[in-house]
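Asks: Sequence:
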Amino acid sequence: MNLWKIGITGGIGSGKSRVCMIFASLGYRIYSADDRARWLMTHDEELKESIRNLFGEDAYLPDGSLNRDKIGKTVFSNGDMLSRLNAAVHPVTARDFEDWVTQTPAGYSKSFVIKEAAILFESGAYKTADAVVSVYAPKNIRIQRVVERDHTTPKAVQDRMNKQWSEVEKILRSDFVIYNDSLHPLTVQVTEAIRFLEKKMLTGIPLPDSL
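Residue numbering for the sequence shown follows my numbering, beginning at 9 and increasing consecutively.
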């Protein structure tokens, strides 16, 4: 089965998961890289060993779950540790995604599958995508969404934003942009994105490996 791999990304609070839900409702398979990475961090033995080497044995709680409090405090105050954690997690997640693609049911009728990832560009995962769709929302809306969702502060959200590429950088490197700002209907844009991607597939010109 010759399936294209479409990356969907967007900054924190942009609403990329909501956009993916619309794609899913239309029958497209969605791989959530962020959710799957969290699962792999507690189930993949090789990755668990790498995390213990980075953060110590107390990187995991007695019940086997990830010590998110310890790791979170460490990586968000130490950019080098965040980079090292990502370097350990991303290759494992990339292999898991490729395995997931090969397991696509024979009766799957769509022409592409979707990989949803918050840091698709930052991790370099965009290089394995045939096209990239970015979800955009104004900064003030994004901050408000995350504050309400995570019960956090605007400053904490801004700190997280600072660790991601800017929206301009993502848009310039994307094939299609969906605006999730309450002014542009999402379902209409998803339909337009599908039409655009299918036309792009007919040309046989995937996203370049480097931009």
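A couple of the hints might just be wrong.
No more than 30 Å apart at the CA atoms, straight line, and that leaves these computed lysine-lysine pairs for DSS-like [said to hold, decoys possible]: (1) Lys147 <-> Lys163; (2) Lys78 <-> Lys13; (3) Lys147 <-> Lys13; (4) Lys13 <-> Lys118; (5) Lys147 <-> Lys171.
What the hints contain is simulated information worked out from the structure, not anything from laboratory work.
Asks: Take a quick look at whether lysine 147 and lysine 13 sit within 30 Å of each other, Cα to Cα.
Replies: Holds, because 28 Å separates the two Cα atoms, which is no more than 30 Å.
Asks: So if I understand the rule, the pair passes when the alpha-carbon distance is 30 Å or less; does lysine 147 with lysine 163 pass?
Replies: Since the Cα atoms of lysine 147 and lysine 163 sit roughly 13 Å apart, the hinted pair holds (cutoff 30 Å).
Asks: Can the restraint linking lysine 13 and lysine 118 be considered satisfied, given a maximum Cα separation of 30 Å?
Replies: Between lysine 13 and lysine 118 the Cα gap is close to 11 Å, so the pair holds against 30 Å.
Asks: With a cut-off of 30 Å on the C-alpha distance, tell me whether lysine 147 and lysine 171 pass.
Replies: Status holds; Cα separation ~14 Å.
Asks: Quick one, are lysine 78 and lysine 13 close enough, alpha carbons at most 30 Å?
Replies: Violated, at about 35 Å.
Violation of the numbered hints given earlier is confined to hint 2; every other hint is satisfied by the structure.
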